[in-house]
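As given, the protein sequences belong to chains A and B, one line each in that order. Under our numbering, the residue at position 128 of the first sequence is numbered 128, and the numbers go up by one with no gaps. Under our numbering, the residue at position 357 of the second sequence is numbered 357, and the numbers go up by one with no gaps.
Because the hints were derived from the structure by calculation, they are not lab data. Since we're looking at a predicted model, the values are computed, not measured. Just so you know, not all the hints are guaranteed correct.
Straight-line distance between alpha carbons at most 27 Å, and here's what the computed DSS-like set of lysine-lysine pairs gives [as the list claims (entries may be wrong)]: (1) A:Lys219 x B:Lys320; (2) B:Lys66 x A:Lys222; (3) A:Lys155 x B:Lys66.
Not the full set, but computed from the structure, chain A residues with beta-carbon under 8 Å of chain B [to be verified]: (4) Ile151; (5) Thr153; (6) Gln181; (7) Asn193; (8) Met195; (9) Ile196; (10) Glu198; (11) Asp226; (12) His229; (13) Asn231; (14) Ile232; (15) Ala235; (16) Ile236; (17) His237.
Simulated restraints on C-beta separations [unchecked claim]: (18) B:Gly421 x A:Gln91: 57 to 65 Å; (19) B:Phe232 x A:Ile86: 53 to 61 Å; (20) A:Leu180 x B:Asp211: 57 to 65 Å; (21) A:Ile205 x B:Gly422: 18 to 26 Å; (22) A:Asp206 x B:Asn270: 19 to 27 Å; (23) B:Asn270 x A:Ile86: 48 to 56 Å; (24) B:Phe232 x A:Arg216: 38 to 46 Å.
Just so it is clear, CB atoms sit at the ideal spot from N, CA and C, and this is done for glycine as well.
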Amino acid sequence: MYVEDLKRGTNKEVGPKDIFEMCSCCIHDDQSPSLLTNGLIPKQPCVIYPIGADFMNKVILSILGHDRPGIVAAVSKILFEQNCNIENVSQTTLQFEFAGIFIVSIPGDLSPQSLHQSLNAQMAPMGLEVHVTSLKPSAVPVSVPECESYIITTKGPDRKGLVAGISEVIARFGGNITNLQAVFKGGDDPGDNIMIYEIDVPYQIDRQALYQELRRRAKQLKLEIDIQHRNIFEAIHRI
Amino acid sequence: MLTQREILSTLEMLKNENLDVRTVTLGVNLLDCASHDIEILKDQIHTRISHLARNLVSVCDQIGQKYGIPVVNKRIAVSPIAVVGASMSSSQMVDVARVLDAVAAEVDVDFIGGFTALVEKGIARGDRALIEALPHALANTERVCASVNVASTKAGINMDAILLMGKAIKKAADLTAKADGIACAKLCVFANIPQDIPFMAGAYLGIGEPDAVINVGVSGPGVVKNAIDRAFESDSNLDLGQISELIKKTAYKVTRVGELIGQEVANHLNIQFGVVDLSLAPTPNVGDSVGEIFQSLGLLSIGVPGTTAALALINDAVKKGGAFASSRVGGLSGAFIPVSEDLNISEAARSGHIGLEKLEAITAVCSVGLDMIALPGDTTEETIAAIMADEMAIGVINNKTTATRLIPVPGKKAGDNAYFGGLLGQSTIIPVNNGRNPNPFVRHGGLIPAPIRSLTN
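Using the sequences provided together with the hints, build the complete structure.
Below is the structure:
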């Protein structure tokens, strides 16, 4: 592995046993870290990692279980103790169940399996499940067509197959669901089950055909359906 | 990510509170169609409008569908015909009205405004021809709307014009006696007419506007009423300041719809975007009433003591919220109190809670004027002129727009029902003080001079 010597402006070959310092802001797209030699002051606020760490590896961590205070604190403590860095995180709770996804860069001398073990040791007693997988960056970037955002709202009595039915139409037309929420108005009115789908629709697909198909499917499922471009919600509610 | 609240409250406004874009009005310049030859004039007018408006309805529908918000009416407003047809005789003016009616039907818009004369300081030849043509033009067309500006703060009040208009209104009513005088429902008399109103019957394309422009009228009295009801349900101790704040925020949301859709229609049609008119305009549909807002605020009915103060609060809050929501605000931007078009207001008239005097009083705090008021059929033309003069005076002195849309219903008297149909609704005929007698005051005629406040230079 080569690292860039920022002070000398050269590249230097290092092996797994070499000792060097680096900071995360200097990690390039090809994931080769940079070398901070002594005395160099980083330009931006940097996290300087302990000598010996290697940041080639990233993992995705998912945590599932009953929500309670202290989950994120417990996870992040273990990650810190294991010299890992949380690069991105998203969490959500659904009916008191917690689900969190963490993208973590781990040091070269730590395997995903042993990270899983350390996490599991702490999380299992808390009643939480842990899953760790290596994150492999894709070799070729997936080309994403230009899209518009729409909001589909369905309302009607709950039954099996509602999400399957609507999402099938969306998928068939090449739409991608970016967010899905179920709203239960809290009453006993079965007709009040509302689903909200935020979808990205590529510009080139036939909108009219999509609308018609969605309406037809909604009718089969006995749902009221509304399909609206996202901008109207933003225009009304956001300055 | 949008929140559930944002999505669900928007849907609630659309489905249950009558939120919609009330009108998208395409302004079309006809000044360069002017000709001494009536056939050339008619032909140019027809070509110009049918070309510019060919996609108006389909684009509005398409964009309405994109956002799930209906554009209820698509309309056209043209340059003042008294100017465009300045060399025409009054019977030729009627012909022009017929052409406007025909092309409106072709492009499928429900009204075409601009059969207009501006006579605040004097009546020119073309203006006179148009005014004389009004009764027949309105009786023999369906979609043509007319307006005459008889006063302005800068010019004063043209009593001669007002007398002519009193005559014209009576004649128009007589010609459409079988339909309760419906021709008068398409005619407005103004003081300080704005040049970019998207609503009918006052819409026309002012001088100084571009060749084509898109103006939008939103509405949402139902949304405002429901917001007030919900607020009081969760906290019955709200004071008027807090209510005003709530109306302001609601008006913001309603106006944003108009701004978004209007800009997009304008882009699609490659036509300049003009203004959003913030007016709260009701329809006879249930839940789409301005009158109900007064009840939500705690008044027994519109018209009882407290009405004028309440309207001042509502109107001001709507303007503040709406002004922030749009890039350009114009048109009337006031609260409409159209007696026949709002179920609740026509009921208030029927039960005697609101009469002509109170209707006139509230126009001082920014309701737009005496709108869709059915009068006894035997009201003299001089009385009608006098009612108009009163309303114009309020506008001229207070430097605001006021207007009248008065309908003397032939053969019917106070307390009878007048039925206009569709969006024009129906209402009880209200009594007029001294309505059947001559009025020597207005008969003096002449020009009431502009008030001193007009000397702003």
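Taking the hints in turn, this is what the structure says about them:
1. A:Lys219 x B:Lys320: violated (42 Å)
2. B:Lys66 x A:Lys222: Distance ~23 Å between lysine 66 (chain B) and lysine 222 (chain A) Cα, so the pair holds.
3. A:Lys155 x B:Lys66: holds (19 Å)
4. Ile151: Holds: closest Cβ of chain B sits about 6 Å from isoleucine 151 (chain A), inside 8 Å.
5. Thr153: holds (6 Å)
6. Gln181: Since the shortest Cβ distance to chain B is 6 Å, the answer is holds.
7. Asn193: Constraint on asparagine 193 (chain A) not satisfied, violated at 13 Å.
8. Met195: Constraint on methionine 195 (chain A) not satisfied, violated at 11 Å.
9. Ile196: Result: holds, 5 Å to nearest chain B Cβ.
10. Glu198: holds (7 Å)
11. Asp226: holds (5 Å)
12. His229: Because about 5 Å separates histidine 229 (chain A) from the closest Cβ in chain B, which is inside the 8 Å limit, the hint holds.
13. Asn231: holds (6 Å)
14. Ile232: Holds - the Cβ of isoleucine 232 (chain A) comes within 8 Å of chain B, reaching about 4 Å at its closest.
15. Ala235: This interface hint holds because 4 Å falls under the 8 Å limit.
16. Ile236: holds (5 Å)
17. His237: holds (4 Å)
18. B:Gly421 x A:Gln91: 57 to 65 Å: At 59 Å between Cβs, range holds.
19. B:Phe232 x A:Ile86: 53 to 61 Å: violated (47 Å)
20. A:Leu180 x B:Asp211: 57 to 65 Å: violated (47 Å)
21. A:Ile205 x B:Gly422: 18 to 26 Å: For isoleucine 205 (chain A) and glycine 422 (chain B) the Cβ distance comes to about 39 Å; the hint is violated.
22. A:Asp206 x B:Asn270: 19 to 27 Å: With Cβ atoms ~24 Å apart, the hint holds.
23. B:Asn270 x A:Ile86: 48 to 56 Å: The hinted range 48 to 56 Å holds for asparagine 270 (chain B) and isoleucine 86 (chain A), with Cβ atoms some 50 Å apart.
24. B:Phe232 x A:Arg216: 38 to 46 Å: Check passed, 42 Å falls within 38 to 46 Å.
In the structure shown, a violation is registered for the earlier hints numbered 1, 7, 8, 19, 20 and 21, in ascending order.
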